[in-house]
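Number of protein chains: 2
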Amino acid sequence: MSGRLMVIGLGPGEVPGMTVQAVEALERADCFYGYGPYLDRVLGADDPRRVASDNREEGERAREALERAAGGECVAVLSGGDPGVFAMAAAVCEQIERGPKSFRQLAVEIIPGVSAMLAAAAACGAPLGHDFCAISLSDNLKPWSTIERRLTLAAEAGLVMALYNPISKARPWQLGEALERLRDYLPGGTVVVFAHAAGRRNQSVVNTTLARASADQANMATLVIIGSEQTRVIKRTKQPPLIYTPRYAPGFEPGELH
Amino acid sequence: MSGRLMVIGLGPGEVPGMTVQAVEALERADCFYGYGPYLDRVLGADDPRRVASDNREEGERAREALERAAGGECVAVLSGGDPGVFAMAAAVCEQIERGPKSFRQLAVEIIPGVSAMLAAAAACGAPLGHDFCAISLSDNLKPWSTIERRLTLAAEAGLVMALYNPISKARPWQLGEALERLRDYLPGGTVVVFAHAAGRRNQSVVNTTLARASADQANMATLVIIGSEQTRVIKRTKQPPLIYTPRYAPGFEPGELH
Numbered sequence: 001m002s003g004r005l006m007v008i009g010l011g012p013g014e015v016p017g018m019t020v021q022a023v024e025a026l027e028r029a030d031c032f033y034g035y036g037p038y039l040d041r042v043l044g045a046d047d048p049r050r051v052a053s054d055n056r057e058e059g060e061r062a063r064e065a066l067e068r069a070a071g072g073e074c075v076a077v078l079s080g081g082d083p084g085v086f087a088m089a090a091a092v093c094e095q096i097e098r099g100p101k102s103f104r105q106l107a108v109e110i111i112p113g114v115s116a117m118l119a120a121a122a123a124c125g126a127p128l129g130h131d132f133c134a135i136s137l138s139d140n141l142k143p144w145s146t147i148e149r150r151l152t153l154a155a156e157a158g159l160v161m162a163l164y165n166p167i168s169k170a171r172p173w174q175l176g177e178a179l180e181r182l183r184d185y186l187p188g189g190t191v192v193v194f195a196h197a198a199g200r201r202n203q204s205v206v207n208t209t210l211a212r213a214s215a216d217q218a219n220m221a222t223l224v225i226i227g228s229e230q231t232r233v234i235k236r237t238k239q240p241p242l243i244y245t246p247r248y249a250p251g252f253e254p255g256e257l258h
Numbered sequence: 001m002s003g004r005l006m007v008i009g010l011g012p013g014e015v016p017g018m019t020v021q022a023v024e025a026l027e028r029a030d031c032f033y034g035y036g037p038y039l040d041r042v043l044g045a046d047d048p049r050r051v052a053s054d055n056r057e058e059g060e061r062a063r064e065a066l067e068r069a070a071g072g073e074c075v076a077v078l079s080g081g082d083p084g085v086f087a088m089a090a091a092v093c094e095q096i097e098r099g100p101k102s103f104r105q106l107a108v109e110i111i112p113g114v115s116a117m118l119a120a121a122a123a124c125g126a127p128l129g130h131d132f133c134a135i136s137l138s139d140n141l142k143p144w145s146t147i148e149r150r151l152t153l154a155a156e157a158g159l160v161m162a163l164y165n166p167i168s169k170a171r172p173w174q175l176g177e178a179l180e181r182l183r184d185y186l187p188g189g190t191v192v193v194f195a196h197a198a199g200r201r202n203q204s205v206v207n208t209t210l211a212r213a214s215a216d217q218a219n220m221a222t223l224v225i226i227g228s229e230q231t232r233v234i235k236r237t238k239q240p241p242l243i244y245t246p247r248y249a250p251g252f253e254p255g256e257l258h
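Top to bottom, those sequences are chains A and B.
Residues in the first sequence are numbered from 1 upward in steps of one, following full-length UniProt numbering.
Residues in the second sequence are numbered from 1 upward in steps of one, following full-length UniProt numbering.
Calculated from the structure, these hints are not laboratory results.
Treat identical chains as interchangeable: a pair holds within one or across any two.
In silico EDC-like cross-links for lysine to aspartate or glutamate, where the CA-CA straight-line distance does not exceed 16 Å:
| # | residue 1 | residue 2 |
| --- | --- | --- |
| 1 | K101 | E67 |
| 2 | K101 | E64 |
| 3 | K238 | E109 |
| 4 | K169 | D139 |
| 5 | K235 | E97 |
| 6 | K169 | D216 |
Produce the entire structure from the sequences given, and follow the hints as far as they go.
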């Protein structure tokens, strides 16, 4: 059996955000599975190698791709950002564990990419420059109580937070609830960043405070960053502000800086 | 003033792990600041555009690069992995905030890369497939008590942990202490991954359990991942094991899988 499954991270947007390794992997694939808009980034609309599926059918897509690979083809599963962060790599592993023995015999290659939080951070400075966490606000696959508990423990721990899947038509209230809950644990002046379409040509960044942040500032293309008490904004003239979290805790400024 | 500072993420290792955008940015730079081994990845040893500095002189390196950019050049600061994760982007922002007005007038461009934890995860499956955090074990810039507190709160929150800077000659005991502390909060069977040189040609991955994990399994090129109670190992024949964290909490298996 010579089949192979590649899970390829496309990075945040256009081709320049992909790694060289990902570009090369695309050239090796016999067929491509993915959410339509991701396929559009790398294949023509009529390309016969496309196998598009809906955004919410990740398990089914992974299973079909594995079956095709088990038949001997080199199959690419495309993932936005990094496939290992709230994306297709875990869905593929789930299906390998549940599937027939042939799935477990396949060569599997996961090609990482720039995840949305890294693109969002780069678009505004270095808000993830110190300890941080990544939490999905989608309660489709876990109870909301777990999400709230993680948010509040992360706030207590002083971790900066990157919030994935903040809002959608089917999940309209979760971000507002998360912000409200965090206001009980963090100062109103805590920096909040809404990064839209980060890493794409139409990216935009809005920074505000936890007291002023509102869920309607986000949409499905937004990555929300909640700062820690150390996260800072540098205002600049003729340049956008820079938002960053210092590498050091208060009182631990590196000696070299003095 | 036409000076520009670019902070460029080189990804985990060889050039194929860099983004196309990073490769293009390197071509625009007049000079390159960075830790010697990072400069070696993209420049010859005798290239006159090299300005190498020691790994621990990040603040000083950032300041010198900003001064040069303020003089009108297009200056690249090279960072391993992603510059926004425990790396040069925060060091540059620190110097911009403390520095002369000319620093705040510069165009600053941060070009993200594949961070070590994403390369490590891709090398073994999808251990970061659900909520997770990234914590540096270096107590050079924060008190050890803060690190312990973050580790235990992250364990309580059920977050997978990516541990950066686990060990060095100057910090020999911190990883052992962290593992010992985590044993009070997580089951002995919790999956632990030691990913060495992830994303490079000589990468290797060892997986074990929290009960068996030992600090001497790590070195300066290791990224350590501590699973959550949901993190799983798929054993395979003739293929390396796959380690992953399901996208769903127990009892929340996606309907599409049934």
